[in-house]
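Undergrad: Residue strings, one per chain:
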Amino acid sequence: MHELALCRGLLQQLNQIADEHQASAIKSIHLKIGPLAGIEIELLKRSFPLVAHGTDAQDAALEITAIPATVQCQECDKKSEMEGIQFICPHCGSTATMLLSGDEMTLESVVLEQHEVKATHHVH
Amino acid sequence: MCTDCGCTAQKEHTVHSRDNTQVHTLANEPIVIDVHQSLLFENDKQATRNREQLIQHNITAINLMSSPGSGKTALLERTIDELAGKHRIAVIEGDLETENDARRIRAKGVDAIQITTGSACHLDALMIANALQQLDLKKIDLLFIENVGNLVCPASFDLGQHHNVTLLSTTEGDDKPEKYPVIFRAADLVLISKSDLLAVLDDFDPRRARQSLASITGNTPLLQLSAKTGDGFDQWTEWLHNSTLTHQQVK
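Chains as they are written, first to last, in our numbering: chain A, 1 to 124; chain B, 1 to 251.
No lab work stands behind these hints: they were computed from the structure.
Where a beta carbon is used, it is the ideal one built from N, C-alpha and C, also for glycine.
There could be a bad hint or two in this list.
[Stated by the list, open to error] The calculated DSS-like cross-link candidates involving lysine-lysine, where the alpha carbons are at most 25 Å apart (straight line), are:
#	chain 1	residue 1	chain 2	residue 2
1	A	K32	B	K179
2	B	K139	A	K45
3	A	K79	B	K139
[Stated by the list, open to error] Away from chain A, derived, C-beta distances all over 10 Å, residues of chain B:
#	residue
4	E29
5	D34
6	E42
7	N43
8	D101
9	V110
10	D136
11	L137
12	K138
13	E172
14	D175
15	R185
16	D203
17	S215
18	G232
19	H247
Can you make the complete structure from the sequences, with help from the hints?
TA: Structure, rendered in structure tokens:
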């Protein structure tokens, strides 16, 4: 439901990165999203072009990796991948589990095209 | 050849040294920038600034989240009465439209800032920063933020609060925690509101609500209360009092 707001934030980050690296265009964007981030990946994909239109990112390919949710049981210590939204340990049935992954929504990397014909040098 | 380091690399390459990473590129080669940053980076940064500002003023901020109509404003009205003389309260109200909720709070003699989000389904850290500017922070020690009624989006946006409280009213299903796990997992406390209606509602079982919550969060505390009768308010105000920064410093 807030995918559009997230896209606006993402675009702000992208513009900043593109400026820092004097990019002429953003070629691709790689995101990682977990099932507990509260993001509908399909909606995000549809929202992005609306926000990116007319910016350096308008022709960028948006690649999204959906990562699984994993929990570690605090009773039996075993790690497991969650099936659906089930925080119960499948090994011992305990509800005392710790989320190891699954709530991520990160901008992993960006591929930029550059202005300069000459070789350039970046520090970040 | 790379003109940066003189090596014979044919492609963009990265050079690591002790204190920085340099990306060397050849003419017009696309470059890959590793970012590893949350999509909410900007919001989180602002939220941290809000939290610092609140801590400076010794203000504890509680973010109230729930579906529309679960009784957040009624909870606040009664809480203000119960805490009169004990805490200096202010409220930030989030709604899509109208000043109605802020008016209800002001009628209790408490400062209230209404944020109308238009069509936005949640409050964000920048809206809170703007609202904080309108409050006299020296006069407050407990700030309630009544988020937009919505069980999905508010969970994702850090506002700078110290605690999240999620309401589940008895007129909703007792399996709501499993249906909306993100918002219930974000809660430091879950309140079953409108408990006075349990007598006439035969389809809401507080025990099932507790099980549903336990299946997604393990050990989040749950209290049951009614803003109408005041039932359960002793525990709620005790939790609030124990959660304040001042109390935790004394401890």
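Undergrad: For every hint, state whether the structure bears it out.
TA: Going through the hints against the structure:
1. A:K32 with B:K179: Holds. K32 of chain A to K179 of chain B sits at ~23 Å (cutoff 25 Å).
2. B:K139 with A:K45: 45 Å, violated
3. A:K79 with B:K139: Violated, at about 48 Å.
4. E29: Violated, because the least Cβ-Cβ distance between E29 of chain B and chain A comes to about 8 Å, which does not exceed 10 Å.
5. D34: 5 Å, violated
6. E42: 5 Å, violated
7. N43: N43 of chain B not clear of chain A: closest Cβ-Cβ about 6 Å, inside 10 Å.
8. D101: Given a closest Cβ separation of 21 Å, the condition holds.
9. V110: 29 Å, holds
10. D136: It holds; D136 of chain B is separated from chain A by about 30 Å at its closest Cβ, greater than 10 Å.
11. L137: 27 Å, holds
12. K138: Label holds. Min Cβ-Cβ 32 Å, cutoff 10 Å.
13. E172: Fine: 18 Å to the nearest Cβ keeps E172 of chain B off the interface.
14. D175: 12 Å, holds
15. R185: 8 Å, violated
16. D203: It holds; D203 of chain B is separated from chain A by about 23 Å at its closest Cβ, greater than 10 Å.
17. S215: Since the minimum Cβ distance to chain A is about 6 Å, S215 of chain B lies within 10 Å and the statement is violated.
18. G232: 24 Å, holds
19. H247: 27 Å, holds
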